[in-house]
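Asker: Produce the complete structure using the sequences and hints provided.
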Amino acid sequence: SMTGNEKRLAVLLRLNLSSKEIASILNISPKSVEMNRYRLRKKLKVEPKVGLNDFIREF
Numbered sequence: 002s003m004t005g006n007e008k009r010l011a012v013l014l015r016l017n018l019s020s021k022e023i024a025s026i027l028n029i030s031p032k033s034v035e036m037n038r039y040r041l042r043k044k045l046k047v048e049p050k051v052g053l054n055d056f057i058r059e060f
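Residues in the sequence shown are numbered from 2 upward in steps of one, following this note's numbering.
Rather than coming from a laboratory, the hints here were simulated on the basis of the structure. Take these hints with a grain of salt, some might be off.
Stated by the list, open to error - In the DSS-like style, the derived pairs of lysine-lysine whose C-alpha atoms are separated by at most 25 Å in a straight line are: (1) K50 to K32; (2) K8 to K43; (3) K21 to K50; (4) K44 to K21; (5) K32 to K44; (6) K8 to K32; (7) K8 to K21.
Answerer: Right under this line is the structure:
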């Protein structure tokens, strides 16, 4: 199950926003966005050849 922050990140990724744009919206650093994307990717077991954004759009 996804946390509230993970759901928020997924929604922003689905809107096709960049890490910098997401960082600005969530008031965190772009590096934190990248780390959160990595963790979400692992949690959802997204294969390396599949992009997280593509996976979320199909979900």
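Asker: A separate judgement is required for each hint: does it hold in the structure or not?
Answerer: So, going through the hints one by one against the coordinates:
| no. | hint | verdict |
| --- | --- | --- |
| 1 | K50 to K32 | 22 Å, holds |
| 2 | K8 to K43 | 15 Å, holds |
| 3 | K21 to K50 | 23 Å, holds |
| 4 | K44 to K21 | 22 Å, holds |
| 5 | K32 to K44 | 18 Å, holds |
| 6 | K8 to K32 | 18 Å, holds |
| 7 | K8 to K21 | 18 Å, holds |
Comparing the model with each numbered hint stated earlier shows that all of them hold.
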